[in-house]
Amino acid sequence: MVWELDEACVEALAIGAGILGTGGGGNPYYGKLYVRRLLREGRRVYIVAPEDVPDDALVVSVGGMGAPTIGIERIHRGDEPLAALRALEQYLGQSVTHLVPGEIGGANALRPLAVAALAELPVVDGDGMGRAFPELQMDTFAIYGISATPAALADIEHNIVLFPRLRDAYTLERYARAVTVQMGGAAGFAFPVMSGTELRRVVIPYTISLAVQLGEAVLSARKEHTDPVAAALAVTGGSLLFYGKVIDVERRLSAGFARGTVRLEGLGEDRGSELQIEFQNENLIARRDGQVIATVPDLICLVDQETAEPVTTEVVRYGLRIAVLGIPAPAMLRTPEALAVVGPAAFGYRDVAYHPLPGTYGGDRLAAERSATTQ
Amino acid sequence: MARLGIDVGGTNTDAVLLDRGEVLAWAKHPTTPDVSSGILAAVRDVLGQAPLAPSEISAVMLGTTHFTNAVVQRRDLARSAVIRLGLPATTSIPPLEDWPDDLRDAVAELTVILPGGHQFDGREISPLDWQALKQLAEELRRRGVDTAAVTAVFSPAIPTHENAVAEFLTAHVPGLRVTCSREIGRIGLLERENAAALNAALVPLAERTVRAFQQALSRLGLEAPLYLSQNDGTLMTAEFAARYPVLTFASGPTNSMRGAAVLSGLSDAIVLDVGGTTTDGGALVNGFPREASFAVVIGGVRTNFRMPDVVSIGLGGGSLVGPDGSTVGPQSVGYRLSSEALVFGGSRLTASDIAVAARRARFGDPSRVAHLPTELVRQALATIDQRLAELVDSLKTTPGAVPVIVVGGGSVLVPDHLEGASEVIRPPHAAVANAIGAAIAQVSGEIDRIVSLEGQTREAALAAARADACRAAVAAGADPASVTVVELEEIPIAYLPSNAVRIRVKAVGDLRGG
Numbered sequence: 001m002v003w004e005l006d007e008a009c010v011e012a013l014a015i016g017a018g019i020l021g022t023g024g025g026g027n028p029y030y031g032k033l034y035v036r037r038l039l040r041e042g043r044r045v046y047i048v049a050p051e052d053v054p055d056d057a058l059v060v061s062v063g064g065m066g067a068p069t070i071g072i073e074r075i076h077r078g079d080e081p082l083a084a085l086r087a088l089e090q091y092l093g094q095s096v097t098h099l100v101p102g103e104i105g106g107a108n109a110l111r112p113l114a115v116a117a118l119a120e121l122p123v124v125d126g127d128g129m130g131r132a133f134p135e136l137q138m139d140t141f142a143i144y145g146i147s148a149t150p151a152a153l154a155d156i157e158h159n160i161v162l163f164p165r166l167r168d169a170y171t172l173e174r175y176a177r178a179v180t181v182q183m184g185g186a187a188g189f190a191f192p193v194m195s196g197t198e199l200r201r202v203v204i205p206y207t208i209s210l211a212v213q214l215g216e217a218v219l220s221a222r223k224e225h226t227d228p229v230a231a232a233l234a235v236t237g238g239s240l241l242f243y244g245k246v247i248d249v250e251r252r253l254s255a256g257f258a259r260g261t262v263r264l265e266g267l268g269e270d271r272g273s274e275l276q277i278e279f280q281n282e283n284l285i286a287r288r289d290g291q292v293i294a295t296v297p298d299l300i301c302l303v304d305q306e307t308a309e310p311v312t313t314e315v316v317r318y319g320l321r322i323a324v325l326g327i328p329a330p331a332m333l334r335t336p337e338a339l340a341v342v343g344p345a346a347f348g349y350r351d352v353a354y355h356p357l358p359g360t361y362g363g364d365r366l367a368a369e370r371s372a373t374t375q
Numbered sequence: 376m377a378r379l380g381i382d383v384g385g386t387n388t389d390a391v392l393l394d395r396g397e398v399l400a401w402a403k404h405p406t407t408p409d410v411s412s413g414i415l416a417a418v419r420d421v422l423g424q425a426p427l428a429p430s431e432i433s434a435v436m437l438g439t440t441h442f443t444n445a446v447v448q449r450r451d452l453a454r455s456a457v458i459r460l461g462l463p464a465t466t467s468i469p470p471l472e473d474w475p476d477d478l479r480d481a482v483a484e485l486t487v488i489l490p491g492g493h494q495f496d497g498r499e500i501s502p503l504d505w506q507a508l509k510q511l512a513e514e515l516r517r518r519g520v521d522t523a524a525v526t527a528v529f530s531p532a533i534p535t536h537e538n539a540v541a542e543f544l545t546a547h548v549p550g551l552r553v554t555c556s557r558e559i560g561r562i563g564l565l566e567r568e569n570a571a572a573l574n575a576a577l578v579p580l581a582e583r584t585v586r587a588f589q590q591a592l593s594r595l596g597l598e599a600p601l602y603l604s605q606n607d608g609t610l611m612t613a614e615f616a617a618r619y620p621v622l623t624f625a626s627g628p629t630n631s632m633r634g635a636a637v638l639s640g641l642s643d644a645i646v647l648d649v650g651g652t653t654t655d656g657g658a659l660v661n662g663f664p665r666e667a668s669f670a671v672v673i674g675g676v677r678t679n680f681r682m683p684d685v686v687s688i689g690l691g692g693g694s695l696v697g698p699d700g701s702t703v704g705p706q707s708v709g710y711r712l713s714s715e716a717l718v719f720g721g722s723r724l725t726a727s728d729i730a731v732a733a734r735r736a737r738f739g740d741p742s743r744v745a746h747l748p749t750e751l752v753r754q755a756l757a758t759i760d761q762r763l764a765e766l767v768d769s770l771k772t773t774p775g776a777v778p779v780i781v782v783g784g785g786s787v788l789v790p791d792h793l794e795g796a797s798e799v800i801r802p803p804h805a806a807v808a809n810a811i812g813a814a815i816a817q818v819s820g821e822i823d824r825i826v827s828l829e830g831q832t833r834e835a836a837l838a839a840a841r842a843d844a845c846r847a848a849v850a851a852g853a854d855p856a857s858v859t860v861v862e863l864e865e866i867p868i869a870y871l872p873s874n875a876v877r878i879r880v881k882a883v884g885d886l887r888g889g
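Chains as they are written, first to last, in this note's numbering: chain A, 1 to 375; chain B, 376 to 889.
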């Protein structure tokens with residue numbers, strides 16, 4: 001199945017990607033404006049279902065890495081990931097046939113679409129995280145054995161750094177992060193490279209569709225004055241973990257990550273309880289009155305209680321009235337291999353066990369629906 | 376020495392004379408289309424009331440929504456040039472990309488992105504292109520453009536490129552007024568550039584308006600310096616305001632809350648402004664309104680102004696009461712209260728009628744509500760009290776009871792004992808809280824920068840930022856002895872291992888000689 005992305009989809013996708021950012025991932029607003037402009041200029045973006053990608057396709061993930069705070073000031077040139085992609089093609093001596101987002105949560109949901117518009121390449125309906133994560137070994141491409149290299153980074157001057165071979169994604173994370181600082185704090189990337197067959201094995205399917213549907217549900221609930229939070233939960237397969245008011249935010253810097261804690265005091269049915277959320281760029285653990293009720297890789301999303309507008313860890317502050325959504329992680333993130341990389345222990349919470357939230361991740365539900373209709 | 380505070384709102388122009396925090400006189404007059412006549416009338420009124428010579432007034436502080444309204448109504452805007460320095464970066468989103476078409480058409484004579492700007496670590500993104508700037512100057516002269524906005528990447532931290540381009544264009548384009556973005560905004564290029572572009576479009580209007588303000592005052596024999604209120608509740612000189620009118624945006628609600636703080640003598644409290652149709656609530660923290668955390672949209676344009684975090688509910692003096700008293704509002708008789716409420720001889724049961732029946736207030740004719748069933752009055756009061764208590768609770772930043780300051784025409788609705796409130800305070804002169812907020816305003820200095828903690832300690836970086844903010848406050852007119860740091864925000868730069876941190880510091884102090 002192939003469908004064309006229009007302006008309304010981009011608008012909805014930006015909202016869905018913001019919520020799936022689980023507190024981090026960068027603001028999709030900037031990417032949205034860029035993709036919207038490219039569409040208005042007559043460029044087109046096509047989305048392809050994973051099962052319709054040919055076995056021998058050459059698929060590459062593209063996007064941006066670096067600090068969102070840099071990205072809101074030194075706005076992207078826009079084609080940095082395309083320059084990285086071209087360098088990678090030159091190194092491989094082959095042309096790329098499909099693009100795939102690395103991360104559907106936050107800014108990186110939009111950037112592959114801009115590259116697709118510029119390069120006239122289709123984008124696979126899926127991604128490597130189903131949400132946002134802080135480090136690049138945390139995508140399913142790396143978890144399920146796709147080689148991290150060759151990999152390319154490009155800056156605003158189209159300076160290219162190519163990594164022909166590194167040991168693994170952890171090593172690439174360290175090297176690429178150091179290069180990104182030298183590139184002014186933000187860079188475009190193209191990696192990893194995989195075949196169509198490999199893609200189907202490792203991709204979290206239908207997450208572009210999920211983000212679009214999530215955004216559409218929220219927008220239409222706002223328009224019809226129904227409950228946008230309930231609409232978001234219905235599409236994502238999540239449940240309402242808590243409703244309350246932020247009473248404390250504590251942030252600290254460690255090794256390049258914004259770590260911290262948000263405390264909420266319950267309102268409505270949650271009055272008398274307190275929820276504590278620990279984050280490292282993204283929300284990691286939710287404790288209700290001291291008891292762990294949700295952990296990574298399940299999605300803990302803070303949204304404005306009335307509009308379902310995502311509230312990121314950078315803007316969360318005293319007094320905001322917030323609905324905390326608990327969305328079950330994609331099945332691909334719940335395997336033992338995945339939990340070793342994205343479970344609580346991987347973020348330093350060795351004493352916290354992962355108890356999966358009930359329900360089915362919205363993208364997995366879409367995949368099941370698709371396969372039921374095709375069989 | 377006394378201070379004169381003036382608030383020019385959409386409906387009323389208020390004036391208040393203040394001597395060391397004490398209200399000597401106040402007046403409320405309709406705002407006039409030319410603005411000046413309304414100011415003259417209100418100021419004449421207060422000067423007539425007080426045994427005070429104009430020469431005894433040390434400073435005049437004016438808050439106005441005039442420039443916000445010009446943007447919202449798309450009137451009196453000048454066509455300007457919007458210049459961004461950032462090539463080869465930033466091209467993915469050109470200037471004014473997300474503006475409403477009608478406003479962009481009204482304002483943008485020319486938009487351009489040129490080389491320049493800096494990286495977060497202080498390196499140049501690219502050097503300025505003097506050839507391109509010469510051509511730009513030529514183009515501006517040819518088109519007769521007389522106002523421009525310049526925005527360079529990371530100018531809040533490193534202003535050199537913005538300054539150099541402003542200087543060059545001012546020297547080469549006769550009559551050109553240049554707005555530098557770093558004077559207006561914080562980090563966040565698009566929002567700062569938007570604010571700078573709005574400002575450039577307002578400069579010719581601001582020059583005319585500020586001149587008219589000054590002429591009106593001097594006709595009254597007032598020679599004291601004129602200051603205008605900014606959105607953060609502090610002051611700028613009239614000369615600066617003529618160049619940076621956009622900084623007056625959102626000063627109204629800020630002044631009102633600052634006024635409530637001074638009138639009550641409290642610096643940490645909840646403020647409820649009860650009107651005819653709605654009640655607006657906000658929180659005072661250290662004497663200043665708590666700011667909203669989301670980008671503020673003005674006239675359809677995203678800016679990085681911080682607005683007071685105000686929550687409105689549909690409950691006011693004119694709110695209609697349901698048959699059994701279980702609902703009060705959001706429907707309201709609004710300004711027709713004085714003819715439609717029962718106590719004023721009308722036929723609609725309003726929240727004010729309930730307040731009179733319950734003896735919370737005495738106005739109108741109480742005999743007209745004497746027939747109301749006790750149960751109905753009791754239920755309606757309970758509904759009102761519960762909605763107010765919920766509003767107070769939603770505004771609180773800490774558990775526990777807090778003082779609640781009540782202002783506005785519908786303030787009789789608020790009971791003396793409100794759940795969640797440690798006390799309910801009804802300051803005198805609450806009707807002119809805006810003008811009082813303007814009169815007591817201080818001056819501020821602010822810095823916003825990203826610093827690397829490689830090669831310096833966090834303490835040293837913070838100390839340098841604090842000192843620079845204090846210096847900026849003194850440069851803006853503050854008495855050095857009174858300057859203190861009121862806000863310090865330290866935000867780690869996520870996803871970068873370079874130990875970079877964004878530091879934002881605001882210092883305020885009393886006006887020198889005020």
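Worth flagging that the hints you see were computed from the coordinates, not collected in a lab. A portion of the hints provided could be inaccurate.
List of simulated lysine to aspartate or glutamate pairs, EDC-like, C-alpha gap at most 20 Å [stated by the list, open to error]:
#, chain 1, residue 1, chain 2, residue 2
1, B, K403, B, D420
2, B, K771, A, D270
3, B, K881, B, E864
4, B, K771, A, E274
5, B, K771, B, D760
6, B, K771, A, E250
7, B, K771, A, D304
8, B, K509, B, D496
9, A, K223, A, E309
10, B, K771, A, E265
11, B, K771, A, E269
12, B, K771, A, D248
Keep in mind it's a predicted model, so treat the numbers as computed, not measured.
#### Entry: Earlier hints that do not hold, by number
Failing hint: just 8.
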